[in-house]
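Asks: Here are the chains, one letter per residue:
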Amino acid sequence: MAQVYGNDFGTPDQQPGRPQMPPGPADLDPETFVELLADEDRVEPRDDMPAAYRKTLVRQIAQHAHSEIIGMQPEGNWISRAPSLKRKAILMAKVQDEAGHGLYLYSAAETLGVDRADLIDQLHSGRQKYSSIFNYPTLTWADVGAIGWLVDGAAITNQVPLCRCSYGPYSRAMVRVCKEESFHQRQGFEILWTLSHGSPAQRAMAQDAVDRYWWPSLMMFGPPDDDSPNSAQSMAWGIKRFSNDDLRQRFVDMTVPQSEALGLTLPDPEIRWNDERGHYDFGTIDFTELFEVVKGNGPCNAERMAHKVKAHEDGAWVREAAAAYAAKHAVAEGAA
Amino acid sequence: MEYVLGLADDALVTAQRMGWWISRAPELEEDVALANIGLDQLGQARSLLQHAGALEGDGRTEDDLAYWRDDRDFRCVHLVERPQTDFGVAMARLLILSAYQNELYAALLGSTDGVLSGVAGKAVKEVAYHLDHAHHWVVRLGDGTPESHARMQAALDAEWPFVEELFTPADPALVASGVAADPTALRGAVLDRIAKVVAEATLTLPEVAPRLGGGREGRHTEQLGYLLAEMQHLARSHPGARW
Ligand SMILES: [Fe+2]
Ligand SMILES: [Fe+2]
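So the sequences go chain by chain: A and B. Residues 70 to 405, numbered by the working numbering, are exactly what the first sequence covers, in order. Residues 970 to 1212, numbered by the working numbering, are exactly what the second sequence covers, in order.
Hint data in this document are derived by calculation from the structure and do not stem from the laboratory. Be aware that a few hints might be false.
To be verified - Cross-link-like lysine-lysine pairs, in silico, DSBU-like; alpha carbons within 30 angstroms at most:
(1) A:K248 with B:K1165
(2) A:K248 with B:K1091
(3) A:K364 with A:K379
(4) A:K397 with A:K248
(5) B:K1091 with A:K397
(6) A:K397 with A:K379
(7) B:K1091 with A:K155
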């Protein structure tokens, strides 16, 4: 089980043996497939692929898409209160980008023979998950900065390798997404930089946000490698290129110098450069919190789902009207 | 300056109301579209507020004007002030507002105020898209299911009393000098445009008496105070701060 979007994390009712996906054009046997991958490096929608590969991909892409969509909420929470019109515009555009990411990803999933409405149903009924990081509240404006800097930063770390993942439509979606995520990360950094160079109250706001978002951001990479059963298979299939711990280390190495540039302290006294390893050491992550959030006991799990389900239900009459209109006018045109 | 503030505040308050929809729209494509519309309106508001500040000549910035004026100093119309948490209401209002802004900015292309005509040149293309979008939805909802027809008609009925305020006469001196577009002169074309969409949507134009407005003189709905309280709270909690 891993937690970053763009990372595969299973739930009990999605383990092998519960069919929920149509079989592909042909269920290629896994060994031939791995050999083919070594030659070809890219699988396209019409290619043969093992059923389990297809299933893993659908689950991962759907969960990634859901994360983009649920991720609109914590930051959307500050659109109405953004402290300047320029920040308001940047934030609206950012949250809009996340909706766009969701769209690309649902389309990528649809190339595997599932449909968006179905995936969204699975999200609403709790059968599919989204990244746990979005179950934390955005309490102050600085949280918008911390999410951009740390959460989008962690997402980029995880997603840049996915630009070369074995499934063509997913990798191409990732190329577009990553470009925008790096803007988001820079914007988040800039929000925090402005705050940390502002009044004492602004500075305190920035430090508080980093204190609250640092550990949850590290948990976005999922459990340690020796506790991550799905990873090996995903690596063999080219869906995952680096292990959870490697990605986490990469993120820490990128982020520590940036925190120094910001003049903010990361809430881990054990962070220090290790010359021998050529990496930053950091403290032990307490994963019990992550598991609580995954189980549904995070600060905002219930609110995020309620918000999403309500928007969907409130919009039902609109979608029905659009479908009825289209059907009516298709008939009218056919008759003409 | 008052005239420019009127245009700016209509756009700013509309952007603020549109922002609410992002993550709450009936489908994902609509989250993207409503965010686009909100961003366009916000962009128009910023250019117009900067211009209003320059006309005033006291060095007030767009943020000074957006965050540090009280509601009695806002110049928006009542149409844009009220919450719009029903999609039908949002689309009825967008249809009315964008039909008006479309004529308004087209007329302002010829404004003798070079900044205004510049803003209008960009805005006229943006609001044409907003009008298109509202048209698309009002027709689909009006001519969709019996439920959507009823809801769309109810939404139109609810918004209709606020239409006339859009045509409140502007300062005659500004109209005479060619700075302002005469709102009363826009009325025919705006209502015509709306009527065509309403007919195509199989809806009926409401016959209701217009409400007394007063927004252009700073007499607003009660709801504007709440909108501003939310929008301005953080900025006002940190006087002098940069963000
Ligand atoms: Fe994203
Ligand atoms: Fe992002």
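Asks: All the hints need checking, so say for each whether the structure fits it.
Replies: Status of each hint after checking the structure:
A C-alpha spacing of about 43 angstroms is found between K248 of chain A and K1165 of chain B, which places the hinted pair above 30 angstroms, so the restraint is violated. Distance check on the hinted pair: K248 of chain A and K1091 of chain B sit about 27 angstroms apart at the alpha-carbon level, within 30 angstroms; holds. Distance hint between K364 of chain A and K379 of chain A is fulfilled; the C-alpha atoms sit about 21 angstroms from each other, no more than 30 angstroms. A C-alpha spacing of about 41 angstroms is found between K397 of chain A and K248 of chain A, which places the hinted pair above 30 angstroms, so the restraint is violated.
The suggested pairing of K1091 of chain B with K397 of chain A is violated, with an alpha-carbon distance near 37 angstroms, which exceeds 30 angstroms. A hinted pair counts as satisfied when its Cα atoms are at most 30 angstroms apart, and K397 of chain A with K379 of chain A qualifies at roughly 28 angstroms. A threshold of 30 angstroms between alpha carbons decides the hint, and for K1091 of chain B with K155 of chain A the separation of about 18 angstroms falls inside it, so the pair holds.
Consistency note: the structure conflicts with the earlier hints numbered 1, 4 and 5.
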